[in-house]
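Peer 1: What follows is each chain in one-letter form.
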Amino acid sequence: MRKVHVAILAGTVVVIGAAIATYMMSHKGYLPEPKPVPEGARVASPTTQVIARGEYLARAGDCVACHTEPTGKPFAGGRAMPTPFGNIYVPNITPEDETGIGLWSADDFYRAMHTGVTRNGTLMYPAMPFASYTKVTREDCDAIFEYLQSVTPVKQKNRPHDLRFPFNRRDLLVGWRALYFKEGEYQPDPTQSTQWNRGAYLVQGLGHCSMCHTAINALGGSREAQAFEGGMIPNQNWYAPSLTSNREAGLAEWSIKDIMDLLQLGVSKRATVYGPMAEVTYNSLQYMTDEDAEAMAVYLKTLPQRDSEGPPPSSARLVQPSVMESGRRNYEKQCAMCHGSEGKGFPPAFPPLAGNQSITMSSPVNSIRMVLNGGYPPGTRKNPRPHGMPPFSHILNDEEAAAVVTYIRVAWNNTGTPVTPAQVNELRKLLPE
Amino acid sequence: MLDLVRGFLLLICVLPAHAQQETVPSYKAIDSMEARVQGCVTCHGQSGQGTSNGYFPRIAGKPAAYLYNQLVAFRDGVRQYPPMNYLVAYLPDAYLRDMAEHYSRLRPAYAPKEPLPADPQLLPRGKTLATEGDAARQIPACVTCHGTTLTGMNPGIPGLVGLRSTYIAAQLTRWRVGDRRAAEPDCMKRIATRLSERDLASVAAFLAQQEAPADAAPESSNLVRMPLACGSQR
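Protein chains in written order, with the numbering used here: chain A, 51 to 483; chain E, 13 to 246.
For the record, the hints were derived by calculation from the structure and aren't laboratory data.
Positions of the beta carbon are idealized from the N, C-alpha and C atoms, including for glycine.
Where hints are given, some of them may not hold.
What the hints assert, rightly or not - Per label pair, the in silico range of CB-to-CB distance:
1. E:Q133 / A:M131: 49 to 55 Å
2. E:E223 / A:T470: 43 to 49 Å
3. E:R117 / A:Q237: 54 to 60 Å
4. E:E223 / A:P471: 41 to 47 Å
5. A:L213 / E:A241: 43 to 49 Å
6. E:R119 / A:P363: 33 to 39 Å
7. A:P134 / E:R117: 43 to 49 Å
8. A:K205 / E:A147: 44 to 50 Å
What the hints assert, rightly or not - Pairs of lysine-lysine residues, derived as BS3-like cross-links and limited to a Cα-Cα distance of at most 25 Å, are as follows:
9. A:K394 / E:K40
10. A:K383 / A:K307
11. A:K319 / E:K40
12. E:K139 / E:K125
13. A:K432 / E:K139
14. A:K394 / A:K432
15. E:K40 / A:K383
My request is simple: use the sequences and hints to build the entire structure.
Peer 2: This is the structure:
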């Protein structure tokens with residue numbers, strides 16, 4: 051059965067590969083032209099240029115974040131990735147023959163990236179974002195492959211996954227793939243600019259933004275129709291805001307400069323990254339060139355804004371005067387020094403809270419977490435010494451924390467809704483202290 | 013007994029008012045290290061002096077290299093304390109070094125000592141361990157490495173004066189069970205594993221009662237005096 055499957059896949063790859071090659075020849079120009087490298091030379095002795103480009107693209111794909119343990123050797127894998135279905139142990143992708151991908155060919159690597167099938171024919175779990183990486187061009191996959199072949203090989207055996215039944219049965223992935231996986235390289239939109247298409251290619255492909263910013267269902271899948279509409283990130287207890295709603299992290303009303311700053315620096319005049327997004331900025335986005343960051347910003351700004359629900363009615367925003375007063379008192383005492391009495395902050399050091407979508411969006415999870423745990427934005431090349439916020443979990447009880455989060459969500463014409471002490475308590479229990 | 017009552021009164025009357033001021037974010041200029049480390053103040057105090065909560069240590073005046081080693085260990089998950097691991101997860105080495113140097117230069121006043129331990133019998137044994145050690149069990153005195161006035165030794169040994177007994181006992185316990193470790197050779201591990209439960213409580217209780225010296229600076233490196241080789245002193 052597996053052989054048949056692989057044969058079908060291999061056949062598909064060949065056909066699609068040929069189709070893409072034809073397509074690429076007729077549609078040059080939507081990606082920056084790579085420096086011409088003789089075909090034979092590229093495979094046999096990759097030039098440092100290709101390797102450098104591969105390194106850049108590997109950063110755009112944030113490979114290191116999952117394939118490296120915090121104190122481990124780069125790309126040697128072994129890192130546990132907790133999922134709702136059990137732990138997945140990320141494999142070694144250093145060029146070591148026995149335990150890594152030393153014996154892989156560029157074709158093997160492309161097949162893995164493009165179809166989610168490993169060299170020996172097993173189906174990958176979708177923790178590997180092949181549903182996004184499938185959009186990456188053959189040329190870019192090859193560059194990443196050459197780069198990975200150039201890193202220090204590490205002999206470290208892959209650890210078997212620790213998944214519950216039935217999720218430990220890889221053959222069931224066939225069903226998952228039928229539902230949620232659409233194979234195919236990025237197809238440029240001829241009605242859009244080259245820059246927009248470059249941005250879309252990075253966001254949808256290597257950036258694999260939809261892994262978090264699209265809701266994940268009970269089967270660990272996400273539907274294309276709901277792309278970028280946001281959702282809770284499983285196991286991390288952070289909410290990934292919708293990129294298609296101006297009430298969440300929709301960027302339609304942002305300037306290109308502010309979006310670029312948020313991506314590259316981790317801070318901007320309008321907001322600051324935190325939680326899992328801080329990791330993405332730290333390991334990946336800070337390394338994007340200005341051109342690529344701008345292209346991503348141009349694309350993100352044009353994502354269709356399709357709010358599924360309108361702003362909450364004023365009745366939903368009513369707050370008990372005593373709660374408001376408690377919130378205001380604690381805000382003035384603990385928060386105003388950095389965020390200002392009027393919530394305007396001192397951006398980019400301390401972000402504004404007035405008019406900040408991540409404060410007012412319907413899920414209060416991130417605001418509550420920031421008050422409880424504080425946080426530092428990532429230290430980046432363009433902002434190496436970020437300002438930070440302290441935790442208040444040991445200073446404010448559930449009622450006080452709920453009141454202060456309520457206050458920042460409704461004060462200064464903010465359009466959020468009140469939060470309850472129970473919501474605070476729920477998150478407090480989930481977070482290690 | 014009078015001391016105990018006085019200590020208790022001090023705790024309930026002085027500390028809350030004191031602590032509130034010390035843990036509220038405050039800074040003079042926004043483009044300064046003082047403003048950048050506001051992320052630390054609710055636990056470690058405005059100047060790194062520590063707070064009334066016994067588990068959050070004083071960090072001011074500890075050797076810069078010691079503080080840097082801890083920050084890197086927290087970032088990389090080698091030293092585990094989830095709130096700290098989370099806060100510094102995405103901060104680069106150079107910035108962690110700046111933070112460490114910032115706090116190593118601060119000399120805030122010491123917080124009032126904690127009340128005497130419930131079991132005063134701990135103190136004599138604690139004193140012996142801290143000042144003389146226990147030669148029979150090859151336990152060196154704390155002061156040989158942590159300084160005659162317990163203010164630490166450059167570059168990698170922390171001051172112990174000004175820490176609370178709960179914090180010291182918790183760290184020694186973590187060392188004993190292997191949760192906390194330092195660069196090899198890990199001299200502190202060797203010492204911690206030689207301490208009995210009671211030794212550990214005794215030395216923590218005694219250290220928490222020590223008066224702060226007028227000069228809170230760590231001593232200069234003195235490898236000759238050290239009884240064990242320590243990776244963090246290299």
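Peer 1: Give a verdict on every hint.
Peer 2: Cross-check of the supplied hints:
1. E:Q133 / A:M131: 49 to 55 Å: 51 Å, holds
2. E:E223 / A:T470: 43 to 49 Å: 48 Å, holds
3. E:R117 / A:Q237: 54 to 60 Å: 58 Å, holds
4. E:E223 / A:P471: 41 to 47 Å: 43 Å, holds
5. A:L213 / E:A241: 43 to 49 Å: 45 Å, holds
6. E:R119 / A:P363: 33 to 39 Å: Violated - the Cβ-Cβ distance for R119 of chain E and P363 of chain A, about 56 Å, lies outside 33 to 39 Å.
7. A:P134 / E:R117: 43 to 49 Å: Holds, since P134 of chain A and R117 of chain E (Cβ atoms, about 47 Å apart) stay within the stated range.
8. A:K205 / E:A147: 44 to 50 Å: The hinted range 44 to 50 Å holds for K205 of chain A and A147 of chain E, with Cβ atoms some 46 Å apart.
9. A:K394 / E:K40: 18 Å, holds
10. A:K383 / A:K307: 33 Å, violated
11. A:K319 / E:K40: 21 Å, holds
12. E:K139 / E:K125: 16 Å, holds
13. A:K432 / E:K139: Not satisfied, since the Cα-Cα distance of roughly 51 Å exceeds 25 Å.
14. A:K394 / A:K432: Since the Cα atoms of K394 of chain A and K432 of chain A sit roughly 23 Å apart, the hinted pair holds (cutoff 25 Å).
15. E:K40 / A:K383: 16 Å, holds
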